[in-house]
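Student: Sequence:
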Amino acid sequence: MIGKLTGQIDSVEDNMLILDVNGVGYLVFASPRTLSSVPAKGEVCTLFIDTHVREDHFHLYGFIDKAEQSWFRLLTTVQGVGAKVALALFGVAAPDKLQVAIMAQDKAVITLADGVGPKLATRILSELKDKVGTLSTSDFTPQAGSSTQGAAVNIAQGDCSENAKLDEDAVSALINLGYGRADAFSAVMRVRANDNASGDLQGIIKQALKELSS
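Numbering (the working numbering), first residue to last: 4 to 217.
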């Protein structure tokens, strides 16, 4: 199996690239995020690789960083999410944004990806909501066992505790102000992570608005 490739960029197409490694051109499928991050033709690039071997094909999938690779592996555990759909999801949300969308149960973000309808989006949100907090991303990742992770899980699962209700009410208020659910959720979680929550709804909303405007 191939775990990593380093070579020169030979060409880049809509959903794949060719990486020249010592004169051998490897065709590597990749997400829009990875394809937009690789250097220009002729320059050296390293990609993390997942190898998929099937009866009728041998495909290489490349990732610009380990976070995207880990998320690809997690996404493809969901029934109905193949490699093509997983890569398409990275085209609408980087791993950090995807994590927030899943924790916030924001179906609108997930259905932006090609091949993801409402039914599949619901399955992705349902199956991954308890797993995403353990994955590292390039930005917001609540640590296992932290109060921030607990707050995130409480909102996603509809916890009726006082703090969880405050957080959900704050998210709802921000949505009513025109913010997307994932953005509102992320802002409230950052308030919790920074220990800026005052304990009352208006205080949480005020601090979250500061996060959204920064």
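Treat the hints as calculated values from the structure; they're not laboratory data. Hints are supplied without guarantee of correctness; some may be wrong.
[What the hints assert, rightly or not] In silico EDC-like cross-links for lysine to aspartate or glutamate, where the CA-CA straight-line distance does not exceed 20 Å:
1) Lys100 x Glu130
2) Lys168 x Asp203
3) Lys213 x Asp172
4) Lys122 x Asp172
5) Lys209 x Glu165
6) Lys132 x Asp99
7) Lys44 x Glu58
8) Lys69 x Asp99
9) Lys168 x Asp198
10) Lys44 x Asp23
11) Lys69 x Glu58
12) Lys134 x Glu165
13) Lys87 x Asp59
14) Lys213 x Glu171
15) Lys87 x Asp53
16) Lys87 x Asp198
17) Lys110 x Glu130
18) Lys110 x Asp172
19) Lys44 x Asp99
20) Lys87 x Glu58
21) Lys87 x Glu16
22) Lys100 x Glu46
23) Lys87 x Asp68
24) Lys134 x Asp172
Student: Look at each hint and say if it fits the structure.
Tutor: Against the structure, the hints come out as follows:
1. About 17 Å separates the Cα atoms of Lys100 and Glu130, which keeps this hinted pair within 20 Å; it holds.
2. Of the supplied pair hints, the one linking Lys168 and Asp203 holds, its CA atoms being roughly 11 Å apart against a limit of 20 Å.
3. Of the pairs offered as hints, the one joining Lys213 and Asp172 holds, with about 17 Å between alpha carbons and a cut-off of 20 Å not exceeded.
4. For the hint linking Lys122 to Asp172, the alpha-carbon distance of about 26 Å lies beyond 20 Å, and the restraint is violated.
5. In summary, the hint linking Lys209 to Glu165 is supported, as the alpha carbons are separated by about 18 Å, within the 20 Å threshold.
6. Using a Cα cut-off of 20 Å, the hinted pair Lys132 and Asp99 holds, with the two alpha carbons roughly 14 Å apart.
7. Restraint check for Lys44 and Glu58: not satisfied, since their Cα atoms lie roughly 33 Å apart, outside the 20 Å limit.
8. Only pairs whose Cα atoms come within 20 Å are accepted, and Lys69 paired with Asp99 is accepted, the gap being roughly 13 Å.
9. At roughly 17 Å between alpha-carbon atoms, Lys168 and Asp198 fall within 20 Å of each other, so this suggested pair holds.
10. Taking the CA atoms of Lys44 and Asp23, the gap is about 10 Å. The hint holds against a cut of 20 Å.
11. Restraint check: the Cα-Cα separation between Lys69 and Glu58 comes to about 27 Å, which exceeds 20 Å; the hinted pair is violated.
12. Proximity of Lys134 to Glu165 is assessed by CA-CA distance (about 24 Å); at most 20 Å being required, the pair is judged violated.
13. A C-alpha spacing of about 16 Å is found between Lys87 and Asp59, which places the hinted pair at or below 20 Å, so the restraint holds.
14. For the proposed pair Lys213 and Glu171, the alpha carbon gap of about 18 Å is at most 20 Å, so the pair holds.
15. Our distance criterion of 20 Å between C-alpha atoms is met by Lys87 and Asp53, whose separation comes to about 13 Å.
16. Between Lys87 and Asp198, the direct Cα distance comes to roughly 40 Å. Violation of the 20 Å bound is thereby established for this hinted pair.
17. Restraint check for Lys110 and Glu130: the C-alpha separation of about 13 Å stays at or below 20 Å, so the hint holds.
18. With a CA separation close to 19 Å, the supplied pair Lys110 and Asp172 stays within the 20 Å bound.
19. This hinted pair does not check out: Lys44 and Asp99 have alpha carbons roughly 28 Å apart, beyond 20 Å.
20. For the hint pairing Lys87 with Glu58, the CA-to-CA distance comes to about 18 Å; that is within 20 Å, so the pair holds.
21. Using a Cα cut-off of 20 Å, the hinted pair Lys87 and Glu16 holds, with the two alpha carbons roughly 15 Å apart.
22. A threshold of 20 Å between alpha carbons decides the hint, and for Lys100 with Glu46 the separation of about 29 Å lies outside it, so the pair is violated.
23. Proximity of Lys87 to Asp68 is assessed by CA-CA distance (about 18 Å); at most 20 Å being required, the pair is judged to hold.
24. Taking the CA atoms of Lys134 and Asp172, the gap is near 24 Å; set against the 20 Å cutoff, the hint is violated.
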